[in-house]
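As they're listed, the protein sequences go chains A and B.
Numbering follows our numbering, with no gaps: position 219 of the first sequence is 219.
Numbering follows our numbering, with no gaps: position 6 of the second sequence is 6.
Simulated from the structure, these hints should not be mistaken for laboratory data.
Be a bit skeptical, because a hint or two may be false.
As the list claims (entries may be wrong) - Footprint (simulated), chain B over chain A, 3 or more residues, beta carbon under 8 angstroms:
id	stretch
1	5–17
2	99–109
3	272–285
Beta carbons are placed, not taken as given, at the ideal position from N, Cα and C, and that holds for glycine.
There are 2 protein chains.
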Amino acid sequence: MLDTNPLYEQLWSAQARSWGNRTDWGTTPRTASMISLAWGLPDPATFPANQLTAATELVLRDHAATALQYGNVQGYRRLIEVLCKKFKDDEGLTVTPEQVLITNGSSHALSLIARVLLDPGDPIVVEAPTFVGAVNTFLRALAAPYEVLLDEEGIGFADLDRTLGHLQAEGRAAKFIYTIPSFQNPTGLTMSFARRHELLDLAVEHGALIVEDDAYRDICFEGEVPPSLFAIDSTGDIRGHVIRTGTFSKILAAGLRLGWVVAPAEMIEKLTAFKDDGGTNPFAAHVAATFAEAGELALHITDLRQHYRRKRDIMLRAMRAYFPRSVQWTEPTGGFFIWVTLPERVDTTALQQRAWEEGVDFVPGARCFASGEGSRYLRLAFSYNTPDEIEEGIKRLGRTLATVL
Amino acid sequence: MLDTNPLYEQLWSAQARSWGNRTDWGTTPRTASMISLAWGLPDPATFPANQLTAATELVLRDHAATALQYGNVQGYRRLIEVLCKKFKDDEGLTVTPEQVLITNGSSHALSLIARVLLDPGDPIVVEAPTFVGAVNTFLRALAAPYEVLLDEEGIGFADLDRTLGHLQAEGRAAKFIYTIPSFQNPTGLTMSFARRHELLDLAVEHGALIVEDDAYRDICFEGEVPPSLFAIDSTGDIRGHVIRTGTFSKILAAGLRLGWVVAPAEMIEKLTAFKDDGGTNPFAAHVAATFAEAGELALHITDLRQHYRRKRDIMLRAMRAYFPRSVQWTEPTGGFFIWVTLPERVDTTALQQRAWEEGVDFVPGARCFASGEGSRYLRLAFSYNTPDEIEEGIKRLGRTLATVL
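Excised from the complex, chain A in its bound form:
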């Protein structure tokens, strides 16, 4: 079979043409000795395989006729109810089943949101830095992302106000603001309560929606997470401005590919209309619902907090031991990531090659900015590796940094 077809060039859609060759994910050389601190993968040691085997046995004994059949496009009803109960138990938040959509992970949720809200050229606002996977999803819909820098409290208020005002003055108001307010990817920072209110006020004032990516809320190591933007929006006078996404990938198993959207019912209905997947995996959804209904999910999340807190502590301790003094970093109270700031003259994209030679990998900061700026930063994940790998990886990275500092 020939794999090139002169037809293709003219047949691709504008989206596909624009997306071009941007399929080059992760060029890390994967060798046995390479320690990758790059990707925010959950730790396989935490996967509750035995409990999921037990849950599957129950599902296929008692619910095979629905678990193995096409499902409701909005999602398996029992799993939706599990989520409604979780919101109530954890956050005191009342969410009705009509306000929940089950998706193939939260990346699928963001993709649906892009399809329903974005026309080619539409401006959106994203944090700088941010989760570049989401930005790629928005770019595939040909959106035009505008960056607003983060400060210690969250998305920069003055900068956001200016950007939204500027866009509105040009007659092309931002469709939405994409934010990860809690244990942000990549910085690990959490938006303050006050900033959440300010952000919501600005969004309302400028007629933009907020897309709140709340993937890490449950991975909280100490203290309380401020209420979600969705929760704040649901209790004030202003309502229906927030679409919140979440996922079972960080709190149960990424391989189940189960995420969710919480939003006004009108929005859920529209997203559902664009969800042509025959119902998000009924098999996995039955297994997850059975696991959660048995009380296992809440217990598991408690365990995960201890587990990931310990790994954060190990990474921070190693960084203090092995990193040159001119390096700074965040100390997240939850999530999977630490954000590292180097002196301005350092370019982490160039540094990556040297790190590979030392046998360690990270995400260069430039990959976390829609603009490709941010070359003095880098992202580290403490979620995936074993304690020994974290220690050794940070040691190697310390050696790498020492060559340029």
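Given the coordinates of chain A, assemble chain B onto it according to the supplied hints.
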């Protein structure tokens, strides 16, 4: 939470605005006594729950670290290899892993194809009648479907030639021809070998791709299925013109949501770039691969052929016994559906209400035409119901038909 937001009307994308309120799927009153012959659901009695439980136990014992983790976006490699082997064993067809993409069912495959190939307003050609779920997916991408009527051999040759020529003369050549050549939905008909060649020649001549939906190939009751358009295209001089989709939904379990695309590697790469789902369900993919590698899939397909043939026979026998003489229908040699032709004056959309009163449901023909024409037809599925339900459902439908014939 208020569910209306004045913002929304201006925030929906052109796609979502155009799609509007087309979320009204199936208004069938669902009562205990209603027998629905409408939907082409697999029969839950065929779901191999015990073997899938055993497969899951093996997967979570031996492969939990990958089955519960994010997956390769192209799909789980072992499942891709299962498919390559299946194509070789069943059809003598050589397909390399680079030519396969695993998707969340074949509906997801069609959705990806639409995203990568279709711009708003793009003409495409669809069979009349056809699988309206696919047409809806293409409409969501704002495509303009042109219908070509089926004849006994498949998509009408002269009509197709005329339509493609007409579009080309207007400077807006069809991007692709969507066809279900084997055990077609909704007619159950199979395109002849000669027509397959003619279709391919026409597509090449007019610079259109072919999207071949091959969901029912394995559900073959007697004789041989002609080679797929993809296979014909792969062996002749003309190459790379066919994108073929398939699914585990009909041959294993729809609830696993596993389908596939077979296409030139260049096309697979492009489709993969638009697949933002963190890898199609690694959990379900591991279970399906383990099931297939144990030899269970081939055995199961043999059983399914017997099972569905028997149900087809029961439905055909009941139709001969209970339907008025002026009614005609197809006698499919595979698949899930029978297509019924009534005298021209009958409108099956109007007739549906009366059928509901009798306690039976079907798909009115107009729902199987992109144009909404076809009111004298109706589609029956023999796949889902028990033999007794099929018999009783056809009896009720016979009574319904007798009121207008």
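Task: Coverage criterion applied to the stretch 99–109 of chain A (partner chain B; beta-carbon cut 8 angstroms; 3 residues) - done: holds (count 5)
Open item on the list: Verify this for me: three or more residues of the stretch 272–285 of chain A with a beta carbon less than 8 angstroms from a beta carbon of chain B.
Closed with: With 12 residues closer than 8 angstroms to chain B, the stretch 272–285 of chain A meets the three-residue bar; holds.
Open item on the list: When I compare C-beta atoms, does the stretch 5–17 of chain A have three or more residues closer than 8 angstroms to chain B?
Closed with: holds (count 10)
The structure shown violates none of the earlier numbered hints.
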